[in-house]
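Trainee: With these hints in hand, go ahead and build the complete structure from the sequences.
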Amino acid sequence: MGFFQFTEEQEMLRKAVREFVEAEIAPHAAEWDEKHYCPVELFPKMGEMGITGIFVPEEYGGAGLGHVERAICLEEISRYSAGLGIALMTHHLGIAPILYFGTDEQKQKYLPDLAAGKKICGLSVTEPGGGSDFMGLKATGEFKDGQWVINGRKCFITNASVADVDIWAVVTGQDEKGRALMTVFIIDKDTPGHAPGREENKIGLNGSSTGDVICNDVVLGEEAVLGEVNKGAKIALSAIQEIGRAGMAAISVGILRGCLEEGVKFSNERILYGKPLNRLQAIQFIIAENRVAYEAAKLLTYHAASLKDAGKPCANEFSMAKLFATEAAIEAAKKTIDLMGGYGCINEYPVGRFLRDAIATIPAGGTSHIQKIIIAGNAIRGN
Amino acid sequence: MTTNGAGGIWVVAEQVAGRINSVSYELLNKAQQLKNQLQKPEPVVAVILGKGAEGLEQLSNYGAEEIITVFAEELEIYQNDLYVAVLQALIEEKKPSIVLIGATAIGQDLAPMLGARLKTGVAAHCVDVRINENNQMVAVVPAFGGKVLGDILCPNTSPQMATLKPGVLGKPVPLEKPAAVVTAFDPSAVLQEDQGRIKALEIVREEQTGVPLEEAEVIVAGGWGIGSRENWDLVEELARLLGGAVGCTRPVVDEQWVQSEQQMIGTSGKSVRPKVYLAFGISGATHHLCGMKDSGLVISVNKDATAPIFEASDVRIVGDARTILTALIKRIKG
Amino acid sequence: MSLNITVCIKPVPDPDYYDKITIDPVKKTITRAGIPTIINPVDKNAVEAALQVKEKLGGKVVVITMAPPNAEENLRELLAMGADEAVLLTDRAFAGADTLATSYALAAGLKKSGPFDLVFTGTESADGATSQVPAQLAEWLDIPHLWNVQEFEVEDHTLKAKMSMENGYINYLVQMPALLAVKRSINKPRYTTVMGVMKAKKKPLTVLTAADLDVEPERLGLQGSPTKAGDIFTPSLARKGQQLTGETEEIVEQLIQVLRGAGLNLESLNVNEAGRE
Chain E
1 MGFFQFTEEQ EMLRKAVREF VEAEIAPHAA EWDEKHYCPV ELFPKMGEMG ITGIFVPEEY
61 GGAGLGHVER AICLEEISRY SAGLGIALMT HHLGIAPILY FGTDEQKQKY LPDLAAGKKI
121 CGLSVTEPGG GSDFMGLKAT GEFKDGQWVI NGRKCFITNA SVADVDIWAV VTGQDEKGRA
181 LMTVFIIDKD TPGHAPGREE NKIGLNGSST GDVICNDVVL GEEAVLGEVN KGAKIALSAI
241 QEIGRAGMAA ISVGILRGCL EEGVKFSNER ILYGKPLNRL QAIQFIIAEN RVAYEAAKLL
301 TYHAASLKDA GKPCANEFSM AKLFATEAAI EAAKKTIDLM GGYGCINEYP VGRFLRDAIA
361 TIPAGGTSHI QKIIIAGNAI RGN
Chain D
1 MTTNGAGGIW VVAEQVAGRI NSVSYELLNK AQQLKNQLQK PEPVVAVILG KGAEGLEQLS
61 NYGAEEIITV FAEELEIYQN DLYVAVLQAL IEEKKPSIVL IGATAIGQDL APMLGARLKT
121 GVAAHCVDVR INENNQMVAV VPAFGGKVLG DILCPNTSPQ MATLKPGVLG KPVPLEKPAA
181 VVTAFDPSAV LQEDQGRIKA LEIVREEQTG VPLEEAEVIV AGGWGIGSRE NWDLVEELAR
241 LLGGAVGCTR PVVDEQWVQS EQQMIGTSGK SVRPKVYLAF GISGATHHLC GMKDSGLVIS
301 VNKDATAPIF EASDVRIVGD ARTILTALIK RIKG
Chain U
1 MSLNITVCIK PVPDPDYYDK ITIDPVKKTI TRAGIPTIIN PVDKNAVEAA LQVKEKLGGK
61 VVVITMAPPN AEENLRELLA MGADEAVLLT DRAFAGADTL ATSYALAAGL KKSGPFDLVF
121 TGTESADGAT SQVPAQLAEW LDIPHLWNVQ EFEVEDHTLK AKMSMENGYI NYLVQMPALL
181 AVKRSINKPR YTTVMGVMKA KKKPLTVLTA ADLDVEPERL GLQGSPTKAG DIFTPSLARK
241 GQQLTGETEE IVEQLIQVLR GAGLNLESLN VNEAGRE
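Protein chains in written order, with this note's numbering: chain E, 1 to 383; chain D, 1 to 334; chain U, 1 to 277.
Wrong hints could be hidden among the right ones.
DSS-like, lysine-lysine: derived pairs with alpha carbons at most 25 Å apart [said to hold, decoys possible]:
(1) U:LYS199 <-> E:LYS45
(2) U:LYS203 <-> E:LYS15
(3) U:LYS54 <-> U:LYS203
By construction, these hints were calculated from the structure, which means they are not laboratory data.
Mentor: Below you can see the structure in the form of structure tokens.
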């Protein structure tokens, strides 16, 4: 296998996305954070850019590209707003199950509007009882008189109050050993009984909305079933492994670049004892560490994404990328705050927000501990 | 008197709606200086095209020894093909050695077109011109937003042409010279050859509000650091309180905090020289500094202590533009 | 109506870095190492203007530049933005050209690259900022032009256009083919989309050298330039300044003294403003 390298088109795409981000996102990121506002109005603009439907095939109105390109978009956006980054990443997280497991009718019905950013997607799996133990889900789907009736409460759901299309995983039966069987449904936001619940006040990633989503006797037709009945675990799991963790890794790569660039900028401009701060070796060490952390996280993330695009197994690689990048982002943000001294603690500078955002990336897609269990399990099995 | 064979330093005087643009007087002052630097002095000539113009004697006051008027109905509103055809005919007949044109919107269009017709060089929007030891005109031209100045010569073709930015030469002064000889040039032969590819329909003058930047003794200028359209009102209010004009940088125009890009100061905007220049939230990009560097007292407020504007300032305040503006307005109002 | 539209563009050092430009004191050359090359900002407005005409009336948009070989990258960006074809004129023979020689080569390139009904340029480049190429290009092409255009409409091979000037504007009718040099405020250039990037690689980009053009060699480059460059230098703008420090009120108090010292009569202004004469 060759070393990962960006193509000329991918470099151009990065530049185009960066121009968009610098004009439309960078100037507002701090305000979104402060006001806990998810800028839904940017979704149609990201749609025109091709970002919201980046890996959706052209026949469904997408850009027809892959997961490396998706990671580029998420990195560029999260360089300035990891909050919007996770809102977009979750939109993709909801799109992927429809794209990879949906019927042609479901794809025709949902993908064009989602790819265009006219509608926002969400994925509701986690429940108050836990996230990573999703075989222990409590939400249920019952088949009665030719219709499905969904009940349950999901929590810590990104895009909870802004999603137009909500992908739900519920328990619909048991196997012969008594283990839960899961089915995935596509629910339109206006379906009676379906509603967002309480909104969480998060430590970071505040350019996104997070909260509960509730289904109270939501009645759905059979056409709402995504994939096969009782075979939804695979759908939810693959979305979380290969879209969710991939997205969180790319978001953290963006935060890492933010730390690196803000640290360099500050140390070039700040004069101490008549010299720029960057002349101090202690400062240079931080810059070097941030640079290496960014590079390493980037290589892990894009390498895993290129495996996904090549159709090769990539879940373990995304786990490693997610573990490394998210933890490295926290470290880098903390060190950059140290580098900036008092200024690092002032909210006029973005690094404090980077630290809060980086910490908030940890639980999304499974905490670092979960990733370690996965990675160790694979290693022990010889993968 | 005719300048035939005698060379001549020509100034193409600009009129809009019959009123002569003051850059013409700045150029005539400069033409008189060039005349004195030439090994053999040549006459200073003002050429003016239009339907007519008020106050021709002003051209004489500021340095014209001869005035060539080209007045015709068709020339009332600037139309580049007609103006260039007339000037080309005049220059080819009378062979001036130097032609100076104001770098106004009209001048910046007219000069290069004329240069292309005459296959001669034009130094663009110069900040100064002089004559060197070889009796050639040296034009000082800014590049890279004014960060670099370069000398431009036109040694092998004639005439030597330059456009000069309004305001960079300083306020023109009247000279005690005898009244100029006025010669009328009949453009009808040239105008008959017009192919009619362009037709000027109308000229619309926009009302100027407030004190014009070029004439203001106090300028309150703001940049990106002002932060928002709402905060911009503070800049306007301070300017009103101080009886000054409002200036701005490129980002302010792009953000549309000001109504007109005529308020932009810099290499691609106005060159100003007020007695007092107050810069709020302006970082001091080279192209802005070049437009205000000749100001008297420069006071700047910026929260970034390393902002380049401070290097070019007499009084520096490291602080938030909005905070200082608010406090200063409150203090002045008492 | 289907129009052939050509846009002339120029790659320039990024204007955000102009304070980093220095002069080598010995060689007397401009040092611009590490400064990225971008598309001259207002040239994107020219491309936007062209794309809007094409979208309204149909036709084809060709972008052309005279630049070093690496300008291919800048042209690709404009193909990604929506232009249909790109032409790069590149040859050592073009080097050292002033505006007259540049516009001569561009005119030859334009004629070579096909028929044109409309030519767009920006008003000026950020680096040299002479603003002379548009008018001179139109002269070499023997077509009418307008500079500093802030609005235009195409009506059946005639343009209605507004030339902006100090405190006003002039309206013109111009017969096509014609050249318009547009200003920044005429439009807001669109973003390059992901789909645009993917289409760009399939669009034609032609590289032409002096040998491909119908030109007189003595009109090209340094040789064809009537203006010659002399000495270059960086003006010093430094002032010996004082810094005002303290709490906001203390700073303002000092500032008031500075303004009074400069001859401003703040009291009378104050009275007038409050209308308490």
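Trainee: Any hints this thing doesn't respect? Which numbers, in order?
Mentor: none
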